[in-house]
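Student: Chain B: place on chain A using the hints.
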Amino acid sequence: MSKVLQQELVALSGNEAVAYAFKQARPHVASAFPITPQTEMMHKFAEFVANGESTAEMILVESEHSAMSAAVGAAAAGARTITATSSAGFALMWEVVYIAASLRLPIQMALVNRALSGNINIHCDHSDSMGGRDAGWIHHFCENAQEAYDTGLINFRISEHMDVRLPAMVNYDGFIISHKEDALYLLNDDAAFDFVGPYKHKYTLLDPARPLTVGPLDLTDYYFEHKWSQLETYPRVFDVARDVFDEFADLTGRRYGFWEEYKLDDADLVMVVLGSSAGTAKDVIDEYRDKGVKVGLLKLRMFRPFPAEQLQPVLAGRKAIAVLDRSASFGGWGGPVFTEIRSAAYGLPGAAPIHNWIYGLGGRDFELGHAAEVIEALQKIAAGGEQPIHNLLGCRA
Amino acid sequence: MSLKKAQDLAEAGVITEAGNAESFKTGDWRTFVPQFYPANCIQCLFCWIYCPDASIKVDLSGDKPQVVGIDLDHCKGCGICANECPPAAKGKAALVMVREEK
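As they're listed, the protein sequences go chains A and B.
Position 79, counted from 1, in the first sequence is what our numbering calls 79; the numbers after and before it change by one each time, with no gaps.
Position 27, counted from 1, in the second sequence is what our numbering calls 1027; the numbers after and before it change by one each time, with no gaps.
Extracted from the complex, chain A is given alone in its bound form (with noise of 0.2 Å):
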């Protein structure tokens, strides 16, 4: 193991920290809108654009579906491309968050979760990204500014493997951790880019001896295999994720997995979250561990491709798992991440009762108490009392 990295501990918003990641990268071309509150994290890139600090092409365009189809024109030509959006923002992205997938165009988004309309809200809760989670993006979910930064490099690496190339998200939650003035460690700028090292593309538009067409008609005779052949990459990234979490974890001392576990190693009862409720959600675990209650966490990171065999031995001989959904699948069987866990989790020998809560809705404040209401039915349905599969935490209803 080589030696940890000496880092400096600044303070600095989620939006800045990520910001920073992607100027670290040096970028060549950068295209965005500005929405709430994504916009102060563009601002600051714009920032060092302006002020030399970075050298990429900004791109201000006259919404989102064209700023996604900046990006992928210019990924397309062989740019290492950044953009990010909020909400509906990123639901105006749609078509296009679908064509960068396919084209397998490493595109790095930060996506600053934020409640879709309607009625208006600016505040944070996961749907915007649960929208996405069949584009084919990478989806990887941050506790705090630290997980923010880490994971704007990482998913760099990740993204634009030769065995991988797919475009990747950050996902940080809308204010509470975009605004928040958090402390973290940043890498210095050399070492930034060490890590993530100069872009390759793997093909490019802007070579005349060897010309493209990229994005053509496709029907009914090979739309399928071209369709398969992206399938077939998404377990792949798996393996390459992990090389890339050891090196990180070598160079920064801070080692991120597809999940992360909290006193879960004997827990009975777990609590499955994603972002920065994973936060609340300890304390209140550490107040329960003190009565001597077997509760954990397991914090998804890696939300797509979701692991699922990876998750089930996490999964199995537990007693009682609630998985909160911090969106609503409106007419389906339950948030997206309890499908996912739930689904995961079939066929298990001993399989634990799994239940689902939505919360935090339109920015819904996770309070202390809603984690021990958790808690208490965890406790009530390991004892074989009776709870219902779907549940709302902290809704007047």
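One or more hints might be untrue.
Straight-line C-alpha distance at most 16 Å; calculated EDC-like pairs for lysine to aspartate or glutamate [as the list claims (entries may be wrong)]: (1) LYS1004(B) x ASP218(A); (2) LYS1005(B) x ASP221(A); (3) LYS227(A) x GLU1011(B); (4) LYS291(A) x GLU376(A); (5) LYS1005(B) x GLU225(A); (6) LYS3(A) x GLU247(A); (7) LYS1004(B) x GLU386(A); (8) LYS319(A) x ASP266(A); (9) LYS1004(B) x GLU225(A); (10) LYS1005(B) x GLU386(A); (11) LYS1005(B) x ASP218(A); (12) LYS291(A) x GLU309(A); (13) LYS202(A) x GLU1011(B); (14) LYS1025(B) x ASP221(A); (15) LYS319(A) x ASP218(A); (16) LYS1025(B) x ASP218(A); (17) LYS227(A) x ASP1008(B).
A short list of chain B residues far from chain A (calculated; beta carbon distances all over 12 Å) [as the list claims (entries may be wrong)]: (18) ASP1008; (19) PHE1032; (20) PHE1046.
Treat the hints as calculated values from the structure; they're not laboratory data.
Note that CB positions come from ideal geometry on N, CA and C, so glycine has one too.
Tutor: Just chain B, lined up with the frame of chain A:
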């Protein structure tokens, strides 16, 4: 034409072979087909200029380019050539659209 297996295709469906539209025959959509009457043709090349595909066959070997026929493997039968063909010169058009009979 035998279809390739998924494993043998370029990633992302990128087409690396330039100009391969020529080998993909798209001329089976037609309802009407242009009939070419060389005796009426004044070689103005309007049809060649206006054809939205590249379906007017022109012989470039002589002093002046000569329209010699229609590439029916790629002509979609839109009729623009017949519409642009100036019949005034000889009283009769060199290109006339007729219903395609199989």
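Student: Next step is simple, just say for each hint if it's right about the structure.
Tutor: So, going through the hints one by one against the coordinates:
no.: 1; hint: LYS1004(B) x ASP218(A); in the structure: 14 Å, holds
no.: 2; hint: LYS1005(B) x ASP221(A); in the structure: 11 Å, holds
no.: 3; hint: LYS227(A) x GLU1011(B); in the structure: 10 Å, holds
no.: 4; hint: LYS291(A) x GLU376(A); in the structure: 12 Å, holds
no.: 5; hint: LYS1005(B) x GLU225(A); in the structure: 7 Å, holds
no.: 6; hint: LYS3(A) x GLU247(A); in the structure: 12 Å, holds
no.: 7; hint: LYS1004(B) x GLU386(A); in the structure: 56 Å, violated
no.: 8; hint: LYS319(A) x ASP266(A); in the structure: 11 Å, holds
no.: 9; hint: LYS1004(B) x GLU225(A); in the structure: 9 Å, holds
no.: 10; hint: LYS1005(B) x GLU386(A); in the structure: 53 Å, violated
no.: 11; hint: LYS1005(B) x ASP218(A); in the structure: 15 Å, holds
no.: 12; hint: LYS291(A) x GLU309(A); in the structure: 33 Å, violated
no.: 13; hint: LYS202(A) x GLU1011(B); in the structure: 9 Å, holds
no.: 14; hint: LYS1025(B) x ASP221(A); in the structure: 14 Å, holds
no.: 15; hint: LYS319(A) x ASP218(A); in the structure: 49 Å, violated
no.: 16; hint: LYS1025(B) x ASP218(A); in the structure: 15 Å, holds
no.: 17; hint: LYS227(A) x ASP1008(B); in the structure: 13 Å, holds
no.: 18; hint: ASP1008; in the structure: 9 Å, violated
no.: 19; hint: PHE1032; in the structure: 24 Å, holds
no.: 20; hint: PHE1046; in the structure: 29 Å, holds
Hint check: violations occur at hints 7, 10, 12, 15, 18; the rest are consistent with the structure.
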